[in-house]
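Protein chains in written order, with the working numbering: chain Y, 1 to 549; chain G, 1 to 477.
Check each hint, because a few of them may be wrong.
Said to hold, decoys possible - Straight line, CA to CA, 27 Å or less: simulated DSS-like cross-link-like pairs of lysine-lysine:
#1 Y/Lys74 with G/Lys44
#2 Y/Lys517 with Y/Lys543
#3 Y/Lys74 with G/Lys145
#4 Y/Lys505 with Y/Lys517
#5 Y/Lys74 with Y/Lys294
#6 G/Lys104 with G/Lys145
Just so you know, these hints were derived from the structure itself, not from any lab.
If you want the building blocks of each chain, they are given just below.
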Amino acid sequence: MELTIWTYEGPPHVGAMRIATAMKGVHYVLHAPQGDTYADLLFTMIERRDHRPPVTYTTFQAQDLGGDTAELLKTAVREAHERFKPDVMLVGASCTAELIQDNPGGLAESLGLPIPVVPLELPAYQRKENWGASETFYQLVRALAAPHAPPPAEPRPERPAGQAPSCNLLGPTALGFRHRDDTAEIRRLLEAVGVEVRVVAPLGATAHELARLGEADFNVVLYPEVAHAAASWLKRTFKQPMVTTVPIGVGATRDFLREVAGVAGLEADSLVERMHTQLPWYSRSVDSNYLTGKRVFIFGDATHAVAAARVARDEMGFEVVGLGAYNREFAREVRAAAKEYGVEPLITDDYLEVEEAIREAAPELILGTQMERHIAKRLGIFCQVISAPVHVQDFPARYSPLMGPEGANVLFDSWVHPLMMGLEEHLLGMFQEDFEFGNDTLPSHLRAEVPNDPATANGGSPAGSAPAITAAEPGASADSAVPESDPAAEPDGDIDPEWNAEAEKELGKIPFFVRGKARRNTERFAREQGVVEISVDTLYEAKAHFGGR
Amino acid sequence: MNRSTPSTPTIPGCASPPAGTRDGAGSGLANGTGATNGELPVLKERGQREVFCGLTGIIWLHRKMQDAFFLIIGSRTCAHLMQSAAGVMIFAEPRFGTAIIEEKDLAGMADANEELDRVVTRLLDRRPEIRTLFLVGSCPSEVIKLDLARAAQRLDTEAGGEVRVLSYSGSGIETTFTQGEDTCLTSMVPHMPPHAGAEPSASRPGGTIGSTGTREAEPGTAPAPPTSLLVVGTIADVVEDQFQRIFGKLGVGPVHFFPPRRSAELPPIGPGTRMLMAQPWVNDTMAALAQRGCERIDAPFPFGVEGTTEWLVAAAAEWGVGRERVLEVTAAARERGRRAVARHRATLEDRSIFFFPDSQIEIPLARFLGRELGMRLLEVGTPFLHRGHMARELALLPGTPRLSEGQHVDRQLDRCRADQPDLVVCGLGLANPLEAEGLSTKWAIELVFTPIHGYEQAGDLAELFARPLVRRELLEV
Ligand code: SF4
Ligand code: SF4
C-alpha cells in the first residue's frame with residue numbers, strides 16, 4: 001500500500017479513455033462501479049469537450065456482486081452497440097471489476113457483434129494512465145491494421161517516382177497537453193517541406209484510417225509515451241521507419257527535420273534553413289542577459305522533461321539544477337539526460353519526494369506539471385507547466401503548441417513571463433526600501449495577477465471551499481505569481497540555527513524572489529559551519545560562499 | 001439502525017431500505033412505479049448511473065471537521081477521482097489521502113493489514129494534530145473484503161486515546177455521492193456522548209428500537225420532553241451561526257450541529273434530543289440517532305423562505321413555541337429573503353427545469369423553484385428516494401413532475417432532449433455536452449458546495465439557477 005496525496009497519472013483505463021475519446025467511431029464499454037464515471041469530467045470539464053466521452057460504464061453495485069455482473073456487462077455491450085453504432089468496440093475492466101474477474105473481453109466477444117471487439121487487459125494494480133493509453137492504441141492498431149499486413153518476408157515496395165513522401169503522425173490523444181496544437185504545427189511544418197501527412201492518430205482518426213496506417217512511407221512518433229509501442233509494431237509489420245526525435249525547441253526541431261529528411265529522401269540542410277522561429281534572436285538580444293544561469297528545476301513526463309532540459313540550457317541559457325520524470329517506463333531516457341546535465345535523475349511518482357527535491361535544489365523557476373505548480377506555490381517559486389497532468393487553464397483558447405517553430409516561441413514567452421525583467425530586477429536590488437516596491441513586490445507585469453489567499457478565497461461555502469472545477473480557481477490566472485512562503489518552516493533533522501533580529505531584518509531587504517533561497521543558503525551554511533546564531537555577517541559570508549545573490 | 005423488518009412497526013410513508021440495498025431497489029414499499037405520498041408515480045430506473053461515489057463527500061467533510069483526516073483504502077482510481085473532483089490547486093495539504101492497494105496487497109490479507117498499519121503510523125507521525133482518523137472503504141477494499149471496521153478498532157486501541165479511528169464506506173458499490181456523508185456520520189454516532197441524565201445508550205422506555213423515528217410512530221407514548229436540538233447534515237459555518245441566532249431568539253435549545261466543526265467535540269445526545277435534518281441525505285444517520293433515543297422532527301428542508309419557515313416552525317413547536325412567534329422573530333429575515341428571491345422571478349418564472357439525479361437534494365430544490373419562483377418542473381431525478389424523510393417535500397411539490405429514482409443515463413438523456421427544458425440540472429460529465437446541444441445547464445455539484453440554506457441564502461440559491469439563463473441572454477457570440 002502506498003500513501004498517496006496527489007497522483008501524476010490516473011489508472012490505466014483512463015489512458016484507454018483518452019484513446020477512445022480522441023477517435024471517431026470507437027466505443028468503450030468499461031466494467032466499473034458508478035463512481036468511476038467521474039472520468040467523464042476530465043474530458044468535458046478540464047478539456048472542455050462538447051461531447052461525452054464514448055464510454056458506457058456498467059455501474060454494478062454491491063447487490064449485483066453475488067448475482068450476475070457478467071449479465072450486466074453483456075447488456076451494456078449490446079445496448080451500447082445498438083445505440084452508438086460504433087465501427088469498433090473496446091471492452092475492459094476498471095480496478096474493481098478486475099477483482100471480480102468477469103472476463104469482460106471474452107463475454108463481449110461471445111456476443112458475436114458484427115464489428116471488431118478489442119478486449120483490453122489493463123492491470124490496474126500495476127500500471128498507470130500512460131501505459132494504458134499506449135497499450136490501448138497498440139491493441140487497436142494491431143486489431144485493425146493487421147489484416148492489411150504484407151507477408152513477413154516481403155520487402156517494402158519503393159515509393160513510386162514523382163509521389164511525395166508521406167507519413168502518419170502518431171500519439172496525440174484526448175486530454176493531451178497541447179496535443180491539438182502540436183499536431184497542427186507539425187503537420188504544417190511537414191507539409192511545408194513537401195511531406196504529406198496521411199493519418200493523424202488517435203486524435204481525430206477513424207477505425208478505417210487505422211486500418212490504412214501501413215500505407216504511409218514512415219511514422220512520426222510525436223508522443224512516445226502513447227505511440228512508441230504501436231509504431232514499433234508498424235515498423236516490424238509494415239517495415240515503416242519511425243521518426244523518434246520529439247520536435248520541442250529549436251535544436252530538437254532541426255534534428256527532427258534532419259531525421260525526416262533522412263527517411264523521406266529529402267535534402268536536410270535546405271529543410272532546416274527554411275525553418276523560421278524567433279527564439280534564437282530573442283534569446284541573443286541583450287535584454288535576455290538576465291536569463292543567464294537562472295536555476296531551473298524540471299519535472300514531468302519523460303519526453304517533455306528531457307526536451308525542456310535541452311531548451312532550458314542550450315536555448316535559454318538557464319542552469320538545470322534538477323531533472324526528473326514520473327513515468328518509470330521511460331526512466332532510461334531521463335537518466336541519460338540527467339547525466340548530461342550533471343544532476344541526479346529523479347524518477348518517482350511520489351509527490352512528496354518531488355517537493356523535497358525541489359526544496360533542496362532551491363530553483364528560481366520550476367518547469368513542471370500541475371503538481372509542481374502546487375509545490376511552487378507553497379515554496380514561493382515561479383512555475384510554468386510543461387507536461388501533463390494539467391488543469392483547465394492549460395487548455396488555452398489561443399494557438400499554443402510546444403512543438404515546432406511556433407512551439408519554440410511559446411516556450412520562450414511562457415518561461416520568461418514569470419521572471420523579473422532585467423532592469424527591474426536591478427532597481428529592486430538597489431532601492432528595495434522604496435515603498436512602492438515594498439518587500440513583496442512581484443514583477444510589475446504580474447501585478448494584477450497576485451492570487452488570493454487560497455485559504456480565504458472560498459470563504460463561505462459549507463465546506464469552506466469548492467472543487468476546483470466548479471469554482472473559479474484562485475490559482476487559475478496566476479500560475480506564475482506567488483507570494484513568498486517560508487520554506488524554512490519545515491522541521492529539519494539538525495538543530496536549526498536561529499536568526500538574530502538584525503539578520504532577520506537584513507534578510508527582509510533582499511527582494512522576495514530570492515529571499516527564500518538566501519534564507520536557505522544561509523541556514524545551510526550556518527549548519528555546515530556549526531553556527532547557532534545567524535548574524536548579518538553569517539548572511540554575507542554565506543552569500544560569498546555560495547556565490548551570487 | 002432502523003432497517004425495516006417485518007416485525008418492526010413502520011410509520012406511514014417511511015420506506016427505510018433493508019440492509020444491503022442502499023439504492024432502495026429492494027425496498028418494501030417501492031416496487032415498480034409505486035405511489036408516493038403526493039400520489040406521484042415514481043419511475044424507477046436501472047442502468048448506467050452517471051454519479052459520483054460516496055468518497056466525494058470527503059471534499060466537504062474534511063473542510064468541515066478540521067481535526068479529522070480521511071484515509072481512503074482504495075485504488076489509483078479512487079485517488080484520481082478525489083483529485084479530479086477536489087481540484088489539486090486549492091488545498092496545499094489536504095486532510096485526505098489514499099492508501100493505494102497494490103498487486104502485492106492483493107496476494108494476502110495479513111499483508112494488507114500490516115501495510116495499513118504502516119501507512120497509518122506514517123500518517124499520524126506526519127500529522128500530529130489529527131484527532132479523528134477515518135478509514136474510508138472503497139470498492140476494491142470491499143470486494144477483497146478488507147475488514148476496515150476491525151482494522152479501525154485495532155488502530156484505535158493502539159493510538160491509546162490520542163486519536164479516534166473510525167471506518168465507513170464511501171465505495172461506489174455501496175454509496176452514491178452524498179451518501180458518503182451519511183455513512184461517515186453514522187460511524188460517529190456510537191461515539192457521541194450521552195447527554196446529562198440520559199441512559200448511556202439504547203432505547204427509551206416503552207419505545208421499540210427502530211421505531212423511534214417520529215412521534216406518529218407510537219401515538220400512545222409520551223415522548224421525553226425536549227432537552228436539546230440536533231441539526232443533522234453539513235451546512236456552512238456561516239449558516240449555522242444564522243440558525244443559531246434564530247433558535248436563540250425563539251428559546252429553542254441548546255442547539256448542536258452534526259457534524260461538529262471539531263470531530264473531537266461530538267455533541268451529546270439521548271432521549272430528549274430532537275433532530276432536525278438540514279440535508280436530505282443523512283437518512284442512515286437519522287436511523288442510528290433514533291436508536292440512541294433521539295427523535296426526528298418532521299419538517300421540510302430549509303431551502304427558500306417557505307422551507308426555512310416551516311423547518312423553524314416544526315422545531316419551535318417541540319419547545320412549545322407557536323407559529324406566530326416564529327413569524328414574528330423571523331419577519332425581517334423573511335422579508336429580506338422574499339425580496340432577494342423575487343429579484344430572480346422574472347428570469348425563472350414559467351421556465352421549465354429538468355433534474356438529473358445527483359445528491360438527493362433535487363426534490364426539496366424543485367419544491368423551492370416551483371413554489372417560490374414559479375418554475376415548471378418536468379423531471380425531478382434523485383439517486384435515492386427516502387419516502388419517510390421526503391414526505392413533507394413530496395406533498396408540497398407543485399404540478400405533476402416526472403419523479404425518477406436511480407438512473408439509466410442514456411434513456412434519461414433521451415427524455416431530456418425530448419422535453420427540451422429551459423434549464424437542466426446535471427453533473428459535470430453531462431453539462432458541456434448538453435450546452436453544446438443548445439440546452440442551458442446548472443452544475444448540480446455547486447448546490448452541495450455553496451451555502452444555500454436559510455433566509456439569507458435564499459436569494460443566492462435562486463441566483464444559481466438564474467445565472468445560466470441570464471448568461472445565455474447576455475452572450476452575443
Ligand atoms: S467508485 Fe469505487 S473504485 Fe471508483 S472511485 Fe469510487 S470507491 Fe473508488
Ligand atoms: S427516522 Fe427516518 S428511517 Fe427512522 S423511522 Fe423515521 S422516517 Fe423511517
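Each hint tested on the structure:
1. Y/Lys74 with G/Lys44: holds (21 Å)
2. Y/Lys517 with Y/Lys543: Measuring from Cα to Cα gives roughly 10 Å; hence the hint holds.
3. Y/Lys74 with G/Lys145: holds (26 Å)
4. Y/Lys505 with Y/Lys517: holds (16 Å)
5. Y/Lys74 with Y/Lys294: violated (58 Å)
6. G/Lys104 with G/Lys145: holds (16 Å)
The earlier numbered hint that this structure contradicts is number 5, and it is the only one.
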